[in-house]
Amino acid sequence: MADIGILAATKSAEHPVYRMIDGPRGAKPKNRFSRANIIVYGTLFVVALYYALPLYVMIVTSLKGLPEIRVGNIFAPPLEVTFQPWVKAWQEACTGINCDGLSRGFWNSVRILIPSLILSVAIASINGYALSMWKFRGSEVFFTILMIGAFIPYQVMLYPIVILLREAGLYGSLTGLVLVHVAFGMPINTLLFRNYFASIPEELFKAARVDGAGFWAIFFRIMLPMSLPIFVVAVIIQVTGIWNDFLFGVTYISSPDRYPMTVQLNNIVNSVQGVKEYNVNMAATLLTGLVPLVIYFASGKLFVRGIAAGAVKG
Amino acid sequence: MTMTDSRPDAGRSAVTRRPMRLFRNLSSKLALMPLIFTAVVIFLGGTIWTIVYSFTSSGLLPRLNWDGLSQYERLWSSRKWIVSIENLAIYGFFSLIGTLVVGFTLAALLDRKIRGEAVFRSIFLYPFALSFIVTGLVWQWILNPELGLQNVVREWGWTSFNFDPLNNPEIVMFGLLIAGLWQGTGLIMCIMLAGLRGIDEDIWKAARVDGIGTVKTYIRIIIPMMRPVFVTSLVLIGAGIVKLYDLVVAQTSGGPGISSEVPAKYVMTAMFGGQNLGQGFAASTMMLVMVFIILIPWAYLEFGGRKNG
Chain E
5 MADIGILAAT
15 KSAEHPVYRM
25 IDGPRGAKPK
35 NRFSRANIIV
45 YGTLFVVALY
55 YALPLYVMIV
65 TSLKGLPEIR
75 VGNIFAPPLE
85 VTFQPWVKAW
95 QEACTGINCD
105 GLSRGFWNSV
115 RILIPSLILS
125 VAIASINGYA
135 LSMWKFRGSE
145 VFFTILMIGA
155 FIPYQVMLYP
165 IVILLREAGL
175 YGSLTGLVLV
185 HVAFGMPINT
195 LLFRNYFASI
205 PEELFKAARV
215 DGAGFWAIFF
225 RIMLPMSLPI
235 FVVAVIIQVT
245 GIWNDFLFGV
255 TYISSPDRYP
265 MTVQLNNIVN
275 SVQGVKEYNV
285 NMAATLLTGL
295 VPLVIYFASG
305 KLFVRGIAAG
315 AVKG
Chain C
8 MTMTDSRPDA
18 GRSAVTRRPM
28 RLFRNLSSKL
38 ALMPLIFTAV
48 VIFLGGTIWT
58 IVYSFTSSGL
68 LPRLNWDGLS
78 QYERLWSSRK
88 WIVSIENLAI
98 YGFFSLIGTL
108 VVGFTLAALL
118 DRKIRGEAVF
128 RSIFLYPFAL
138 SFIVTGLVWQ
148 WILNPELGLQ
158 NVVREWGWTS
168 FNFDPLNNPE
178 IVMFGLLIAG
188 LWQGTGLIMC
198 IMLAGLRGID
208 EDIWKAARVD
218 GIGTVKTYIR
228 IIIPMMRPVF
238 VTSLVLIGAG
248 IVKLYDLVVA
258 QTSGGPGISS
268 EVPAKYVMTA
278 MFGGQNLGQG
288 FAASTMMLVM
298 VFIILIPWAY
308 LEFGGRKNG
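Protein sequence lines correspond, in order, to chains E and C. All residue numbers in the first sequence are consecutive under this note's numbering, ending with 318. All residue numbers in the second sequence are consecutive under this note's numbering, ending with 316.
Isolated chain E (complex conformation) (with noise of 0.2 Å):
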């Protein structure tokens, strides 16, 4: 399953498939106004909106005063804008337990995301280096493991997570919690990489070991350096599913004040106390929804190709 090309999904936008796709094809070309292309127009809008919806009603529930929310329809853009509940949501509002917004949920956020990062594409990587060209007795065997376990749910593992996780003394940390988050993003990392590898000419290969590089420094030397696109594609896949994680950060923070964005977000929206300020609610969801959405939009086709990449692990 595994050598369904990776490097199909991640090379296909200059595939000389899609110039051909480009090609004529379909129904003739007929009048722009055609009945069937006011349907296939009609029908893609009308799906857009529902797709768009959440996202301008996020954007303009943010923006609104709470008289004008509780008047008002949630369609309307906002007659006075206000930034207020931006500045609240980041600064004072509450979990229950503690008033300082979400802007600590963000910086645990952020530094749950940096090492977890780096040491995710670090190790995945290596591994998709070591499987696809150092080949041993038994790396295939250990490798189909962990992609077999990439299809468990979750909840099995928990508790064994907590119990190595309590004997390391790193329960309830977040150091504990990086370690989760690297040993989940291995799987579809370490494919990416192997089949990333594993499309490398052998002849590169021969060729430094032949010139007496080792393991490191073929690495290090040859492999890096031409593997940035794959690098990019991974780096996009962890710090989207880092971010966006929600069942890691409850069961393995002890700790409110140090639990990701994802966690706080939820306790604040549906805590039970107090008047609902769903301008606050809206800019705080909108905040949590930012870092995932700016890399979306600014990675472009690099995300579908991360995305394609992810679908491959199937």
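Bear in mind the hints are in silico, worked out from the structure with no lab data behind them.
Have a look at the derived ranges for each label pair, beta carbon to beta carbon:
no., chain 1, residue 1, chain 2, residue 2, range
1, E, Asp215, C, Arg215, 54 to 64 Å
2, E, Gly69, C, Phe170, 23 to 33 Å
3, C, Gly264, E, Gly304, 41 to 51 Å
4, C, Met232, E, Gly304, 20 to 30 Å
5, E, Glu84, C, Pro152, 24 to 34 Å
6, E, Val236, C, Phe100, 30 to 40 Å
7, C, Ile55, E, Ile63, 47 to 57 Å
8, E, Gly69, C, Ile185, 26 to 36 Å
9, E, Ile63, C, Lys120, 24 to 34 Å
10, C, Val216, E, Ile63, 43 to 53 Å
11, E, Asn102, C, Phe168, 34 to 44 Å
12, C, Thr221, E, Trp220, 47 to 57 Å
13, E, Asp215, C, Lys120, 49 to 59 Å
14, E, Tyr60, C, Gly205, 32 to 42 Å
A virtual CB, placed ideally from N, CA and C, is assigned to each residue, including glycine.
Fit chain C to the given chain E structure using the hints.
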């Protein structure tokens, strides 16, 4: 000139090589230690550990007091678990159908050589970048009965309009489904689109020559050709459904009452809320069984089928 083994020690005699086997390729073995640890200790070991302890009476702490199948008996006589399974079945069925139909239709529409394909594609896909927590919270707000969608439609003049899924036990799973489909269909659309792009242009030409209509070509020719893509999508959707947890926590917290509970949430409550570890282990083992029910037919089709032809 072709070498089968380029390693410098390939020519050494077997006698000197054998005791050194463990140390051969040592860097690679050392470099793979994190992978070996994750695969064997965490994934394999953790799974076996949980299955073993699901047959014990562990409560607050895991203990090896054998208790046979009693955790499973309690599980299947629990009203909450039955509701969870039913909910997952409803959500799973409609999510599977909905995602496949919507994903394929959108991909087919985007493949009709339209203008602004990139714009539509980014609109359909951006929800996939967002977490289930964000998804659940924004849809909780849109489906808010007093201030959300229901209120807007009533203001437009349809005063008897009634749509309040999150407070109605009968249809609460469909409230979750609206959000789930919003978040997940973009991914399947992308995979389907890649599949459509991989189909040979000549097929379309041949269909046109034979005078087969566009819709008919999709249903009769293209979809059967895309079987592997559909199978991949099915596995992806299936694995995602079993994991359903964050969305429920954010959007409904399992309510009203227990009417939107799901198995993953049952496990979390039993293990970390109820100090009822044995129940959590038994319930998570059942989740594992569910995944295997999805995966085994797939593995059979993929690997069994390949062998035969």
